Amino acid sequence: MIRRQPIAPDDPRMLDYSAPQITTLLGELHRRGLQHGLLWGSASAGETTLDGRLLVDFANAPVSTLLNLLHLLRELDRNAVWER
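For the sequence shown, this note's numbering gives the first residue as 156, with consecutive numbering after it.
Since the hints were made in silico from the structure, they are not lab data. Note that the structure is predicted; figures quoted are calculated from it, not measured. Even glycine gets a Cβ: it sits at the ideal position worked out from N, Cα and C. Keep in mind that the hints are not guaranteed to be accurate.
Estimated spans, in silico, between C-beta atoms of each pair [stated by the list, open to error]:
| no. | residue 1 | residue 2 | range |
| --- | --- | --- | --- |
| 1 | Asn-234 | Gly-207 | 18 to 26 angstroms |
| 2 | Glu-202 | Arg-233 | 30 to 38 angstroms |
| 3 | Asp-171 | Ala-235 | 28 to 36 angstroms |
| 4 | Pro-161 | Asp-206 | 17 to 25 angstroms |
| 5 | His-226 | Thr-178 | 15 to 23 angstroms |
Using the sequences and the hints given, assemble the complete structure.
Here it is, written out as structure tokens:
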């Protein structure tokens, strides 16, 4: 298994994410997270920015946190296929 380094909050690529893209990623996080007991019903693309980076409204997390969580959930799903 190839290990991926987490995305840092100050990664320049985080500047490219728009509110609609974040909303789509949050939808995926919600779908994937439900099967693992992770619930963020009120999470949304925030209007708050930090150093030009849009924050996600679940405790004002940076987009990198959202992407890192999604990566972990995708890995769980991928590994579950092999365990069946």
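Outcome of the hint check:
no., hint, result
1, Asn-234 to Gly-207: 18 to 26 angstroms, "violated, 35 angstroms"
2, Glu-202 to Arg-233: 30 to 38 angstroms, "holds, 34 angstroms"
3, Asp-171 to Ala-235: 28 to 36 angstroms, "holds, 31 angstroms"
4, Pro-161 to Asp-206: 17 to 25 angstroms, "holds, 18 angstroms"
5, His-226 to Thr-178: 15 to 23 angstroms, "holds, 18 angstroms"
Violated hints amount to a single one, hint 1; each of the other numbered hints is respected by the structure.
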